[in-house]
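So for the sequence shown, my numbering puts the first residue at 439; every next one is plus one.
No wet-lab data here; the hints were simulated from the structure. Accuracy of the hints is not assured; some may be wrong.
Computed spacing ranges between beta-carbons, pair by pair [claimed, not checked]:
(1) G845 - A566: 42 to 52 Å
(2) G797 - P771: 15 to 25 Å
(3) G609 - S814: 24 to 34 Å
(4) P686 - E656: 19 to 29 Å
(5) G550 - G503: 24 to 34 Å
(6) T519 - A605: 33 to 43 Å
(7) G503 - S611: 39 to 49 Å
(8) L847 - G569: 25 to 35 Å
(9) G503 - A566: 22 to 32 Å
(10) D599 - G476: 19 to 29 Å
(11) A567 - D752: 36 to 46 Å
(12) S719 - G609: 22 to 32 Å
(13) R753 - D555: 52 to 62 Å
(14) A466 - G550: 36 to 46 Å
Glycine included, every Cβ here is placed at the ideal spot set by N, Cα and C.
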Amino acid sequence: MVALFDETGTIETVPVVIGDLPSTVMTAVAVHGACAEGYEAVRDAFAANFVEPGEIGAAVAAVVGGRVVVDLWAGLADAHTGRAWQEDTAVLVYSTTKGPTALCALLLWERGLLDIDAPVADVWPEFAAAGKAGVTTRHLLTHQAGLPVFDEPISFTDCHDHDLVAARLAGQSPRWEPGTAHGYHPLTFGWLVGEVVRRVSGRTVGAMLAAEVAVPLELDLWIGLPPEREAAVARLAPGRLDMTAVTPGDPALVFLAAIMDIESLTFKAFANPPGQLDVESFNAPELHQAEWPGANGIATARALARLYGELAQDRLLSGATLDEASRAQVSGPDRVLAVDTAFGLGFSLQSAMTAHGPGGFGHEGAGGSVAFADRSQGLGFAYVMNQLTASLGADRRARRLVDALYGCL
439 MVALFDETGT IETVPVVIGD LPSTVMTAVA VHGACAEGYE AVRDAFAANF VEPGEIGAAV
499 AAVVGGRVVV DLWAGLADAH TGRAWQEDTA VLVYSTTKGP TALCALLLWE RGLLDIDAPV
559 ADVWPEFAAA GKAGVTTRHL LTHQAGLPVF DEPISFTDCH DHDLVAARLA GQSPRWEPGT
619 AHGYHPLTFG WLVGEVVRRV SGRTVGAMLA AEVAVPLELD LWIGLPPERE AAVARLAPGR
679 LDMTAVTPGD PALVFLAAIM DIESLTFKAF ANPPGQLDVE SFNAPELHQA EWPGANGIAT
739 ARALARLYGE LAQDRLLSGA TLDEASRAQV SGPDRVLAVD TAFGLGFSLQ SAMTAHGPGG
799 FGHEGAGGSV AFADRSQGLG FAYVMNQLTA SLGADRRARR LVDALYGCL
């Protein structure tokens with residue numbers, strides 16, 4: 439058994455899978471969509487995921503050189519009702535949201551509207567409080583700001599209120615000297631970067647993303663879901679801790695030990711607001727319609743792959759901006775995840791904790807979703823699903839798909 443926290447913030451124990459994870463719903467599945475000649479291995483890998491370790495519903499997409507070469511979906515959008523996963527089924531992708539949020543800040547930077555090396559307080563004066571006068575937007579984008587947790591209890595309902603969350607974060611002191619170390623900011627990243635975007639552009643991240651990216655490119659991608667799209671959203675299902683790929687000495691075990699320590703930053707970052715491990719909290723329409731710019735984006739795999747496919751060809755942002763955004767700004771020990779991680783400007787980079795390709799930059803989300811670009815291959819890739827797993831390290835379903843895809847390039 440492993441100790442985790444429930445929606446009340448108290449410790450509970452959950453089973454650890456030592457052998458193979460059982461297939462959740464089916465052992466074979468009809469795969470729908472299209473797969474270009476030469477990319478059949480991705481379709482085979484996608485189908486294999488439904489057999490072992492098991493999927494409920496999922497989608498995978500890849501764009502190479504501006505051409506969609508993989509666009510597949512299968513299974514159930516809702517295991518409770520039997521609703522099938524359709525071409526337009528979207529799903530909440532947790533921290534995979536951070537990539538589009540970073541993109542909004544980078545668009546402002548490229549246009550000369552935001553100086554990421556100037557103090558955040560230049561555009562958000564209240565943020566200078568409690569020793570943060572020197573914190574820059576670059577620090578926010580690279581998880582160096584020292585604000586990975588909410589110091590005081592905060593509820594899910596509170597988190598729907600931009601002004602309240604911004605005021606809380608503006609009043610906090612950093613947990614370490616900003617710029618001297620990095621530590622993953624699971625939730626606060628989105629509101630910190632999002633408030634800078636809001637102060638500079640006059641729009642929330644969700645509004646800017648829609649106006650500047652999603653609507654022009656006709657992408658099914660939202661931070662703040664329109665109520666009329668709720669019926670097309672897949673229902674998330676809780677998973678179990680996947681220990682099948684973990685060996686003695688695996689650094690991911692350090693993360694597991696840290697999240698079990700109620701005094702650690704790891705535990706505190708994931709325990710407040712309470713309920714972050716409660717899947718039903720993230721199935722709620724009111725959360726879907728709110729804006730959590732670090733954690734509640736809703737998208738199809740196709741939309742995310744096309745977004746990163748644009749970045750892979752130096753579109754949306756210039757090559758110079760992307761060179762800096764995809765360069766390792768920080769790497770090494772992560773004060774929150776307790777393992778080595780690497781980040782560019784808002785994007786996660788290849789590490790033991792990601793399923794990115796060798797030159798990939800993007801982001802992964804809790805439960806297994808991932809989306810990234812690889813400019814060396816002109817590639818945009820995304821995998822989304824509703825069967826969550828608590829993987830230690832890169833999700834093995836995503837890893838199987840990425841490995842198959844790179845074998846086709």
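Hints, one by one, checked against the model:
1. G845 - A566: 42 to 52 Å: 51 Å, holds
2. G797 - P771: 15 to 25 Å: Roughly 23 Å apart at Cβ, these two residues keep to the hinted range, so it holds.
3. G609 - S814: 24 to 34 Å: Given range 24 to 34 Å: violated, Cβ gap about 43 Å.
4. P686 - E656: 19 to 29 Å: 49 Å Cβ-Cβ, so the 19 to 29 Å window is violated.
5. G550 - G503: 24 to 34 Å: Check passed, 30 Å falls within 24 to 34 Å.
6. T519 - A605: 33 to 43 Å: For T519 and A605 the Cβ distance comes to about 40 Å; the hint holds.
7. G503 - S611: 39 to 49 Å: Because 48 Å falls inside the window, the suggested range holds.
8. L847 - G569: 25 to 35 Å: For L847 and G569 the Cβ distance comes to about 48 Å; the hint is violated.
9. G503 - A566: 22 to 32 Å: Given about 46 Å between the Cβ atoms, the range is violated.
10. D599 - G476: 19 to 29 Å: 49 Å, violated
11. A567 - D752: 36 to 46 Å: 39 Å, holds
12. S719 - G609: 22 to 32 Å: 25 Å, holds
13. R753 - D555: 52 to 62 Å: 25 Å, violated
14. A466 - G550: 36 to 46 Å: This hint is violated: roughly 54 Å between Cβ atoms.
The structure is inconsistent with the numbered hints 3, 4, 8, 9, 10, 13, 14, although it conforms to all the rest.
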